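A.B. asks: Sequence:
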Amino acid sequence: MKDELNSALMLIQEQGHQIAQLAQMIEWNVAVREAHDTLIQSLMPLVKDNPEFKRTLEMSYQARLGYHLRQDVSNSFIQNYSACVNALLPKSLRFDEVTPQMPTGKK
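In terms of our numbering, the numbers along the sequence shown are unbroken and rise by one, the last being 1579.
Please keep in mind that the hints were generated in silico from the structure rather than gathered at the bench. In this text the structure is predicted, and so the values were computed from the model without any measurement. Even glycine gets a Cβ: it sits at the ideal position worked out from N, Cα and C. Heads up, some of the hints might be wrong.
Unchecked claim - Between beta-carbon pairs, the in silico distance windows are:
1. Leu1481 with Thr1528: 51 to 57 Å
2. Ala1495 with Phe1525: 20 to 26 Å
3. Ser1548 with Ala1503: 21 to 27 Å
Could you build all of it, start to finish, from the sequences and the hints given here?
C.D. replies: Written as structure tokens, this is what we have:
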């Protein structure tokens, strides 16, 4: 019984360590996203009416979207990616909603 309790305690401690690592990764990802959002929102007034920016944005968006589709990510990821891009853009630059029909088997 004592060995079983010690094994359970070690497992709980290891899981606690893994949870702490995941929390650090999430915190880092949120900080990166917030930094990106800050930069994008501060630059948007300067470039939103620039046709070259709109063309470059369209090309970059289509390239990244194509990359993700080739990686066989879930439909939910594609929809979330598109929604997140649009959330950063003024209405005049937003993309149509993406509804991919991918035979991935992922949901």
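A.B. asks: All the hints need checking, so say for each whether the structure fits it.
C.D. replies: Okay, the hints, checked on the actual structure:
1. Leu1481 with Thr1528: 51 to 57 Å: 56 Å, holds
2. Ala1495 with Phe1525: 20 to 26 Å: 37 Å, violated
3. Ser1548 with Ala1503: 21 to 27 Å: Given a distance of about 24 Å, which is inside 21 to 27 Å, the answer is holds.
When held up to the earlier numbered hints, the structure conflicts with hint 2 and nothing else.
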